[in-house]
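K.L.:
Each chain is listed here by its residues.
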Amino acid sequence: MSAKTIVTTEALMKVGDLPLGLTVQPGSTVDFKTGDWRSALPVLDREKCSYCGFCYVYCPDGVYQDMGPEKYYKPDLDYCKGCGVCAHECPKKCIQMVIQEV
Amino acid sequence: MSAPKGKSDSARAIGLEVSLAIAEAVKLAEAEVVAAYPITPQTHIVEHLSELVANGELTAEYVPVESEQSAMSACIGAAAAGARTFTSTSSQGLLLMAEMLYIASILRLPIVMAMVNRAISGPINIWNDHSDAMSVRDCGWIQVFAETGQEAVDLTIMSFRIAEDPGVLLPLIVNLDGFTLSHFIEPVILPEAAEVRRFLPPYETAHKLDIQNPLSLGALGGPEIYTEARRALDLALTGAKPRIQRVFDDFAKVFGRQYKLVETYRTEGAETILVTMGSISETAMTAVDEMREAGQKVGLVRLRLWRPFPVEEFRAAVAGAKNLAVIDRAMILGFPEGPVATEIRALLYHEKNRPHMTNFILGLGGRDVPRSHFKHIVERVRELGASGRQGRYELVGVLE
Amino acid sequence: MKSAEVQFEKVTAKTFPKGPDSLAPGHRACQGCGEVLALRLMVKALGLDFMAVSATGCMEVCTSPFPQSAWRMPWIHVAFENAAAVAGGVDAGNVIRRRKGKMPDRRIPVVAFAGDGGTADIGLQALSGALERYHENLVYVCLDNEAYMNTGIQRSSATPFGASTTTSPAGKVSKGQNTWKKNMPAIAAAHNIPYVATASPAYHLDMMNKIRRAAAIPGPAYLHVYAPCPTGWRMKSELAVESARLAVKSRVFPLYEVIDGRYILNQKVDEPVPLGDYLKPQGRFRHLSEQDIALISERVNREYEHLAKLAETFSEPSF
Chain A
519 MSAKTIVTTE ALMKVGDLPL GLTVQPGSTV DFKTGDWRSA LPVLDREKCS YCGFCYVYCP
579 DGVYQDMGPE KYYKPDLDYC KGCGVCAHEC PKKCIQMVIQ EV
Chain B
64 MSAPKGKSDS ARAIGLEVSL AIAEAVKLAE AEVVAAYPIT PQTHIVEHLS ELVANGELTA
124 EYVPVESEQS AMSACIGAAA AGARTFTSTS SQGLLLMAEM LYIASILRLP IVMAMVNRAI
184 SGPINIWNDH SDAMSVRDCG WIQVFAETGQ EAVDLTIMSF RIAEDPGVLL PLIVNLDGFT
244 LSHFIEPVIL PEAAEVRRFL PPYETAHKLD IQNPLSLGAL GGPEIYTEAR RALDLALTGA
304 KPRIQRVFDD FAKVFGRQYK LVETYRTEGA ETILVTMGSI SETAMTAVDE MREAGQKVGL
364 VRLRLWRPFP VEEFRAAVAG AKNLAVIDRA MILGFPEGPV ATEIRALLYH EKNRPHMTNF
424 ILGLGGRDVP RSHFKHIVER VRELGASGRQ GRYELVGVLE
Chain C
36 MKSAEVQFEK VTAKTFPKGP DSLAPGHRAC QGCGEVLALR LMVKALGLDF MAVSATGCME
96 VCTSPFPQSA WRMPWIHVAF ENAAAVAGGV DAGNVIRRRK GKMPDRRIPV VAFAGDGGTA
156 DIGLQALSGA LERYHENLVY VCLDNEAYMN TGIQRSSATP FGASTTTSPA GKVSKGQNTW
216 KKNMPAIAAA HNIPYVATAS PAYHLDMMNK IRRAAAIPGP AYLHVYAPCP TGWRMKSELA
276 VESARLAVKS RVFPLYEVID GRYILNQKVD EPVPLGDYLK PQGRFRHLSE QDIALISERV
336 NREYEHLAKL AETFSEPSF
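Chains as they are written, first to last, in the working numbering: chain A, 519 to 620; chain B, 64 to 463; chain C, 36 to 354.
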C-alpha cells in the first residue's frame with residue numbers, strides 16, 4: 519500500500535549519505551563556478567602590463583594566476599565575477615572591463 | 064571483572080555532598096576542558112572542579128567564561144578540538160545557552176553537562192523543578208535523570224562513554240534535582256580511578272578540527288538539506304538507545320551497579336502506577352511501600368532515560384496497569400497537561416488496552432513533595448478513572 | 036619578551052606568498068566584496084597552519100553552503116554572537132591536548148573572524164570575556180563593513196554617523212545614522228592585551244604583516260579590519276580598494292597598532308584628502324549636505340588628533 523501521489527523532492531543528498539556532523543571537505547567551493555555571474559570581462563593589454571601583481575593581490579576572489587616566466591597575470595574565468603577591481607586598481611590602466619554579450 | 068559488592072561496597076561508601084561527588088566523577092573521567100559560569104544551584108560542582116584543577120588533581124583547562132552562552136560556546140569549541148569536555152548549569156543559565164545546545168547536537172560533539180534542575184523565572188526562583196530540563200526537550204541531546212547521589216556519579220562517568228561512543232557521538236545532559244539532590248550529603252561510592260580508566264578510555268576521535276585533516280564544521284544547510292539533516296540527527300538520537308543500555312550493562316560488569324533505561328518498583332500486579340523522574344522517586348517509593356502494606360496494588364515506574372524516549376521499555380513497564388498517574392515537575396502553559404504526561408498520552412494512544420491516565424503537576428519552584436502527595440494522587444487517579452474523567456492536569460497542593 | 040620583539044616572517048612584495056589561496060574561490064561573496072578580499076589576504080598570510088572560527092555573517096554564509104566550504108584550514112562556525120568564546124574553547128582544547136602529548140608540541144593560532152555586528156554589538160560580551168581570559172593563541176579579527184550586511188544593511192553600532200541604512204534611513208527629518216561609530220579597537224585595547232591593530236585591505240602588506248604578528252605574539256590579539264561593502268555602501272563594485280584607501284587618507288580609518296600599550300600610528304596623515312572624496316562615491320552618504328560633511332570632518336579630525344596624541348604620549352610599552 520502506498521499513496522498514489524508521488525512526492526517530489528529537492529533534496530541534495532540522502533539522509534544516510536550525510537557526513538557525520540555535516541562536515542564539509544576543505545576548499546570544496548571550487549566546484550561552484552562563479553564565472554557566470556559576470557557581465558563584464560577583464561581584458562589585459564600585455565604590452566602595457568608591468569607585471570606589478572596588483573590585480574593578483576586585489577582580486578576579491580583570488581582568480582588571477584601568476585603566469586611566471588611570461589610575466590603577466592591571467593584571470594581564471596571560471597570564477598571571475600567581473601567586479602572590475604583589477605581594472606580599477608591597475609596602475610598602468612592596462613585592464614579593460616569589456617561588456618560580455620549574453 | 065566484578066567489583067567488590069555488598070559489605071565491602073558499603074565500607075567504601077563515603078558521605079559526600081552530591082555536587083562534590085559529581086565533580087569527583089568528572090575528575091575520574093579525566094575531563095580535559097571544563098567551561099562553566101556560576102549559577103545557583105550548580106555552583107558547588109564547578110567550584111569543586113576548579114579546586115581539583117587548581118590542586119593539580121585534574122589535568123584540565125578550566126575556562127571561567129563570562130556567561131552560559133559562552134560556556135556552551137567554549138565547550139563546543141573544545142569538543143571540536145577533540146577534548147573531553149564538561150560543563151554544568153541550571154535554569155536561566157540553560158536558557159541563555161539554549162541556542163548553542165541545538166548546534167552542539169547537529170555538530171555531533173560529545174559534551175557532557177550536569178544540569179542541576181531549577182525552576183525557570185518568573186517569578187525568579189532558585190529552587191527545584193524540571194521546567195529548565197523541559198525547555199530544552201527537543202535540542203537533540205541525550206538526557207537522563209538521576210535519582211540518587213550514587214546514580215548521579217555513575218551516570219556522569221557513563222555519560223562520557225555513551226556520548227563518545229563512535230556509534231553515538233552526541234552531547235548528553237545528566238539531570239539532577241537542585242538542592243534536594245545536589246546539596247544533600249549522601250553515601251556515595253567513588254569508583255577506583257584505574258577501573259574508571261579501563262571502563263572509559265581516553266577520548267580519541269577523527270571528528271575534530273585537525274591541521275592534518277582540515278574539515279569544515281558548521282556549514283549552512285539550506286532547504287535542500289535541512290530536512291535530511293534533522294532526520295539524520297533524529298535517527299542518531301533514537302539509534303543511541305540500545306547503545307546506552309549496553310554502556311549501562313558494561314558498567315554493571317565492572318562496578319556491580321546495574322541501571323536500566325526505565326526502572327520499575329513493585330509494579331507486579333499493580334493496578335495503579337505512578338510515573339516519576341528524578342529524586343522525588345525516592346519519596347514516591349516510600350509512599351508505594353506504605354500503600355502496598357495497606358494492601359493497595361500500587362507500583363512505580365521511573366524514567367531514567369528521557370531522550371531518546373525509551374518507548375518500548377516504557378510501554379512494557381506500564382503494561383497491564385488500570386490507572387496511570389503521570390507526574391510532571393513543569394507546566395506547559397496553554398495546554399491541558401504537562402510535558403511528560405503529554406508525551407506518554409501520545410505514546411499510549413495506539414495501545415488497545417489503554418490505562419486511564421491523569422497528569423499530576425507538583426513540586427514547582429521547590430514546593431515540598433511529601434509522601435502524602437503520592438497517596439492523594441493514587442486516590443485521585445482511581446476516582447477519576449472510575450468516573451471516566453481524564454485529560455486535564457491536577458496541580459497538587461495549589462491554593463486556589 | 037616584549038610583544039614588539041616577537042619575530043615573524045615579514046610579507047614583502049618580494050616574499051608575497053604565492054601558491055593557492057587558503058580561502059578557495061567559488062565562494063558566494065558579492066562582486067567586488069572588500070570584506071572577502073581582506074579575509075582572503077589575511078588567511079593567505081597565515082597559510083594553512085592555524086584553525087579558523089567564523090561568526091555567522093556574510094563571510095560565513097558565502098563561504099560554507101553545504102556541502103561546500105571555501106576554507107582550506109580546519110574551520111568551525113557555531114553562531115553569531117560567540118566566535119570569541121568558541122575560539123577560546125578551541126584554544127583550550129588544543130592547549131590541554133598539547134600538554135597531554137596528544138598533539139604536536141607547538142602553538143596553533145586560533146583565529147576568529149566576525150563582522151562589526153558580531154563584534155561591537157551582539158558579540159561584544161563574548162569578545163571581552165575571551166580577551167580578558169587571555170587565551171594564549173587567540174587572534175580575533177573584526178571585519179568591519181559598518182552595518183549588518185548579511186541581513187540586509189541594517190545599522191550597527193559601528194555604522195558611521197550620517198550613513199543611511201535600512202534601519203537608519205535618511206529621511207525628511209533624519210540624516211541617517213545619528214550616532215558616532217563605536218570605537219571598537221579602543222575597547223579591545225582597554226583589555227590591556229598584547230596586541231591591537233587596525234588594518235585595511237588597501238594597505239595589504241601592512242594588513243598581512245599585522246595578522247602574522249598577531250598570530251606570532253603569545254596572548255590574545257585583536258585586529259579591526261576595514262571591509263568596504265559595495266552592496267551595502269551603494270557604490271560601484273570596482274571601488275572596494277579605493278574606498279578603503281580613501282578611508283585611510285581622509286583620516287576616517289587611521290591605521291595604528293597598540294603593542295603592549297604602546298601606540299604606533301602606522302600611516303601619518305598630515306594632509307588628509309577632503310572627506311567628500313571618500314563619502315561621495317558611496318550612496319549611503321549621498322543625502323549629506325556640505326554642512327553635514329563639515330560636521331563629520333571636524334569629528335574625524337578630532338578623533339585622529341586624539342590618536343596622534345596617544346601615539347605621542349604612549350611611545351613606550353605600558354605593560
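Hints listed in this document are in silico derivations from the structure and should not be mistaken for laboratory results.
Mixed in with the good hints, there may be bad ones.
[As the list claims (entries may be wrong)] List time: in silico DSSO-like cross-link candidates among lysine-lysine, alpha-carbon distance up to 30 Å:
1. A/K592 - C/K49
2. C/K45 - C/K315
3. C/K303 - A/K589
4. B/K360 - B/K438
5. A/K610 - C/K53
6. A/K566 - C/K271
7. A/K611 - C/K344
8. A/K610 - C/K344
9. A/K610 - C/K315
10. C/K49 - A/K589
11. B/K385 - B/K360
12. C/K207 - A/K610
13. C/K303 - A/K592
14. A/K592 - C/K53
15. C/K137 - A/K611
[To be verified] These stretches of chain A come out as covered by chain B in the derived footprint (C-beta under 8 Å, 3 or more residues):
16. 525-532
17. 591-605
All residues carry an ideal CB built from backbone N, CA and C; glycine is no exception.
K.L.:
Checking each numbered hint in turn, tell me which of them this model violates, lowest number first.
P.N.:
2, 3, 7, 8, 12, 13, 15, 17
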